[in-house]
Amino acid sequence: MAHHARQQAAPKQGAQPCGTTTLTALDNPSGPRIGPNAILQVFAALAAAGGPACVARVARVAGAESHLSHPPVAMVSVAEVLALHRAVRACLGAGPGGAVLRAAGEATGRYLLAHRIPRPVRLALRAAPAPLAARLLVAAIRRHAWTFGMPDGLDAAWRGGLRLFLAANPIAVPGAAGPGCDFHAGTFEVLFQALVDRHLVVRETACRAAGHPACVFAIRRG
Numbered sequence: 016m017a018h019h020a021r022q023q024a025a026p027k028q029g030a031q032p033c034g035t036t037t038l039t040a041l042d043n044p045s046g047p048r049i050g051p052n053a054i055l056q057v058f059a060a061l062a063a064a065g066g067p068a069c070v071a072r073v074a075r076v077a078g079a080e081s082h083l084s085h086p087p088v089a090m091v092s093v094a095e096v097l098a099l100h101r102a103v104r105a106c107l108g109a110g111p112g113g114a115v116l117r118a119a120g121e122a123t124g125r126y127l128l129a130h131r132i133p134r135p136v137r138l139a140l141r142a143a144p145a146p147l148a149a150r151l152l153v154a155a156i157r158r159h160a161w162t163f164g165m166p167d168g169l170d171a172a173w174r175g176g177l178r179l180f181l182a183a184n185p186i187a188v189p190g191a192a193g194p195g196c197d198f199h200a201g202t203f204e205v206l207f208q209a210l211v212d213r214h215l216v217v218r219e220t221a222c223r224a225a226g227h228p229a230c231v232f233a234i235r236r237g
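Here the sequence shown stands for residues 16 to 237, numbered as in the working numbering.
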């Protein structure tokens with residue numbers, strides 16, 4: 016990944032001190048896991064937002080420095096991913112940190128389109144009527160929920176517009192006053208815009224990290 020030399024982003028209003036304190040959760044090697052883009056794309060988005068110094072600072076706080084020297088190529092612990100996503104918000108503030116995590120999710124969506132969804136499937140979804148394409152895409156995400164770090168899968172409601180429900184999202188950032196699933200929102204938006212309707216937008220309307228029963232994503236035309 017290319018790190019562009021930019022001025023280090025200063026901590027934004029609302030950011031918490033992030034000197035030597037680490038936010039690493041205990042890593043259970045046998046616990047839930049998620050694809051490495053949840054780490055790799057966060058580093059890339061941090062580099063674009065604040066440069067290499069910002070990446071190094073957040074990685075230190077998250078206890079994720081080993082992933083800088085040895086980028087992961089296989090599934091990673093959700094505990095490590097949560098620690099990194101929490102560190103992003105702690106160091107940059109909720110707004111700027113959320114924007115970085117959403118950008119990382121969008122990049123993950125583009126990676127999935129390029130490398131994980133076969134071209135014939137992409138063409139078939141784009142040619143299908145939008146309601147059918149949306150149902151097929153939801154079914155595909157549900158079948159591969161484990162790769163998104165969604166151990167309890169994904170539910171959907173179609174009446175009054177499409178809404179996706181995550182009963183458990185282990186990388187929802189706890190303590191967030193608002194939505195804490197910017198990474199997933201960005202990933203979903205890229206996939207739905209590319210495969211269903213380019214005018215669709217995804218907004219998280221409820222989050223378990225903010226005390227709600229489930230993380231809810233509303234998908235509608237913007």
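Just so you know, these hints were derived from the structure itself, not from any lab.
We put the beta carbon where it would ideally sit given N, CA and C, even for glycine.
Check the hints yourself; a few may be wrong.
Ranges of calculated distance between the beta carbons of each label pair, as one might list FRET restraints [to be verified]:
hint, residue 1, residue 2, range
1, G190, A143, 35 to 43 Å
2, S81, R174, 42 to 50 Å
3, A68, A143, 45 to 53 Å
4, S84, P144, 20 to 28 Å
5, P67, P144, 45 to 53 Å
6, S84, G226, 31 to 39 Å
7, T220, A142, 28 to 36 Å
8, R174, P86, 18 to 26 Å
9, R174, V88, 21 to 29 Å
Hints, one by one, checked against the model:
1. Between G190 and A143 the CB atoms are about 41 Å apart, so this pair conforms to the stated range of 35 to 43 Å.
2. Range check, S81 to R174: about 47 Å between beta-carbon atoms, so the 42 to 50 Å window is met.
3. A68 and A143 have their C-beta atoms about 46 Å apart, which keeps the hinted 45 to 53 Å range intact.
4. Between S84 and P144 the C-beta distance comes to about 48 Å, which lies outside the given range of 20 to 28 Å.
5. Distance hint check for P67 and P144: the Cβ-Cβ separation is about 46 Å, which falls inside the suggested range of 45 to 53 Å.
6. Distance hint check for S84 and G226: the Cβ-Cβ separation is about 37 Å, which falls inside the suggested range of 31 to 39 Å.
7. At about 30 Å, the CB distance of T220 to A142 agrees with the hint of 28 to 36 Å.
8. Taking the beta carbon of each, R174 and P86 are about 43 Å apart, not inside 18 to 26 Å as hinted.
9. Between R174 and V88 the beta carbons are some 42 Å apart, a value that contradicts the proposed interval 21 to 29 Å.
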